[in-house]
Amino acid sequence: FRDSVGVYEVRVAAAQEELKQLQARLDTFGQGLAEVLTYTRQYQEANAKLSEDKEKLKQYQAVYAANIPALILVEEAEVPLIKSRPFRALIVLGSVLLTLFLLLAGILLFEAYRDLNWQSVYHAHE
166 FRDSVGVYEV RVAAAQEELK QLQARLDTFG QGLAEVLTYT RQYQEANAKL
216 SEDKEKLKQY QAVYAANIPA LILVEEAEVP LIKSRPFRAL IVLGSVLLTL
266 FLLLAGILLF EAYRDLNWQS VYHAHE
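Each residue of the sequence shown is one higher than the last, beginning at 166 in this note's numbering.
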């Protein structure tokens, strides 16, 4: 029985020593884990950026290789049968008359209500 107790004590001591070594390795692993995760994230981001850049390169090469004319003819112009006259003079004349009418209406309204005390009207509703 005494021999088996000694054997178990040796096994317990060996297990405790192995536990200390494993904990030391775990601490070392924990210290390096953050750095490895950072490098992994940077690698993934760089890989994604590289994929995007490769896709852009393919698009640029396709556009560069395409034959696109500088002018695209949508529809040929036809000579009109009846020449239409420009209506610019009528538009200018109409806008001048409308401006004069609005100016005259504004002057008449301003003159009609010039003598009215607007502050008393405004404060009367309060």
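Please note that the accuracy of each hint is not assured.
Unchecked claim - Derived CB-CB ranges, DEER-like:
id	residue 1	residue 2	range
1	L198	R176	51 to 59 Å
2	D168	Q196	50 to 58 Å
3	L222	T264	34 to 42 Å
4	N212	N232	42 to 50 Å
5	F194	D218	44 to 52 Å
6	L265	N232	28 to 36 Å
7	V177	T205	37 to 45 Å
8	A242	D218	39 to 47 Å
9	R279	G259	45 to 53 Å
In short, the hints are calculated from the structure, not lab data. Values in this document were obtained by computation on a predicted structure and should not be read as measured data. Beta carbons are placed, not taken as given, at the ideal position from N, Cα and C, and that holds for glycine.
Problem - Hint check for T264 and L222 - Cβ pair distance inside 34 to 42 Å - result: 59 Å, violated
Exercise for the section: Evaluate the given range 28 to 36 Å for the C-beta pair formed by L265 and N232. Expected result: 58 Å, violated
Problem - Hint check for N232 and N212 - Cβ pair distance inside 42 to 50 Å - result: 35 Å, violated
Handout entry: Assessment of proposed distance window 51 to 59 Å (beta carbons of L198, R176)
Key = 31 Å, violated
Exercise for the section: Starting from the hint 37 to 45 Å, judge whether the C-beta atoms of V177 and T205 obey it. Expected result: 39 Å Cβ-Cβ, so the 37 to 45 Å window holds.
Practice task
Mind checking the hinted window 39 to 47 Å against the Cβ distance between A242 and D218?
Solution key: 45 Å, holds
Handout entry: Consistency of beta-carbon spacing, Q196 to D168, with hint 50 to 58 Å
Key = 43 Å, violated
Problem - Cβ distance range 44 to 52 Å for F194 and D218, holds or violated - result: 35 Å, violated
Exercise for the section: Evaluate the given range 45 to 53 Å for the C-beta pair formed by R279 and G259. Expected result: 31 Å, violated
Checked against the numbered hints given earlier, the structure breaks hints 1, 2, 3, 4, 5, 6, 9 and satisfies all the rest.
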